[in-house]
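Number of protein chains: 2
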Amino acid sequence: MITKKLSEVPITSPKGYAGVKKQVLIGPGDGSGEIVMRYFTLAPGGASPYHTHPWPHLVKVEVGTGVTVDEDGNESPIQAGDYVYVNDDEKHQFKNTGEGTFEFMCIVPRRGEA
Amino acid sequence: MITKKLSEVPITSPKGYAGVKKQVLIGPGDGSGEIVMRYFTLAPGGASPYHTHPWPHLVKVEVGTGVTVDEDGNESPIQAGDYVYVNDDEKHQFKNTGEGTFEFMCIVPRRGEA
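Chains H and E are the protein sequences, given in the same order.
0 is the number of the first residue of the first sequence in numbering that gives the first Met the number 0; add one for each residue after it.
0 is the number of the first residue of the second sequence in numbering that gives the first Met the number 0; add one for each residue after it.
Note that these hints are calculated values from the structure, not bench results.
Careful: at least some of the hints might be erroneous.
Keeping only pairs whose Cα atoms sit at most 30 Å apart, straight-line, the calculated DSBU-like set for lysine-lysine is [what the hints assert, rightly or not]:
#1 H:20 - E:90
#2 E:14 - H:20
#3 E:20 - E:4
#4 E:21 - H:3
#5 E:14 - H:90
#6 E:94 - H:90
#7 H:3 - H:21
#8 H:4 - H:21
#9 E:94 - E:14
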């Protein structure tokens, strides 16, 4: 059993993700070979790529306000406390629309974590 | 893409879990066939079973204070904001040791959700 706090987890800056910081909360380094729990912090104006991939996202918004962009390009507001499910192969994006950071947890199967 | 709030998710009382309420935040009903995100609320004095099973838990404590019990019976304090990883086949328990509710998110592979 492993217990940790967000502040103990190393922060990386994924390539091609402007204004995005990433932390792997629980992953292969902890012995979790099936599921990976990540934490993303988007700076004001930051966004994840508008993309698709053959794995799902299970998301919980932790801090701030933003929008999801669906496969038709429609934006819907989301905020701290909201849960979002993105299916395999569904085009999606998360954008920070607030004045502060927009932070969310994003869980993927192991194949979704580079 | 599905977005929801905790207050919109039905509450169940799992059999054999005294003082425990459960909500399936994201699961097969949402199209998530690989990973299930659940939310547990333990009343004061409540606890999950001290048990083992062939799947992992990825946990985030949302509200309150409690302890984990590891496979040797050792208790360790946990509180809101902490992340816990329990490996497959590792004996474990979560207990509420506070005066209010103890609430946590618990993510499992599909086979771990009855």
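Query raised in the report: Within a Cα-Cα threshold of 30 Å, do residue 21 (chain E) and residue 3 (chain H) meet the stated pairing?
Result: holds (24 Å)
Report task. Verify the proposed pairing of residue 20 (chain H) with residue 90 (chain E), using a straight-line Cα cut of 30 Å. Result -> violated (34 Å)
Query raised in the report: For the pair supplied as a hint, residue 94 (chain E) and residue 90 (chain H), is the alpha-carbon distance within the 30 Å limit?
Result: Violated. Residue 94 (chain E) to residue 90 (chain H) sits at ~40 Å, over the 30 Å cutoff.
Query raised in the report: Hey, residue 4 (chain H) versus residue 21 (chain H), does the alpha-carbon distance stay inside 30 Å?
Result: Holds, because 14 Å separates the two Cα atoms, which is no more than 30 Å.
Query raised in the report: Holds or violated: are the alpha carbons of residue 3 (chain H) and residue 21 (chain H) at most 30 Å from each other?
Result: Within the cut-off at roughly 16 Å; holds.
Query raised in the report: Holds or violated: residue 94 (chain E) with residue 14 (chain E), Cα cutoff 30 Å?
Result: holds (17 Å)
Requested in this report: Take the C-alpha atoms of residue 20 (chain E) and residue 4 (chain E), compute the straight-line distance between them, and say whether it is at most 30 Å.
Outcome: holds (16 Å)
Query - Pairwise hint evaluation, residue 20 (chain H) against residue 14 (chain E), where the allowed Cα distance is 30 Å at most - result: violated (41 Å)
Requested in this report: Quickly compare the C-alpha distance for residue 14 (chain E) and residue 90 (chain H) to 30 Å and report which way the hint goes.
Outcome: violated (39 Å)
The structure fails hints 1, 2, 5, 6 (numbered hints given earlier, in ascending order).
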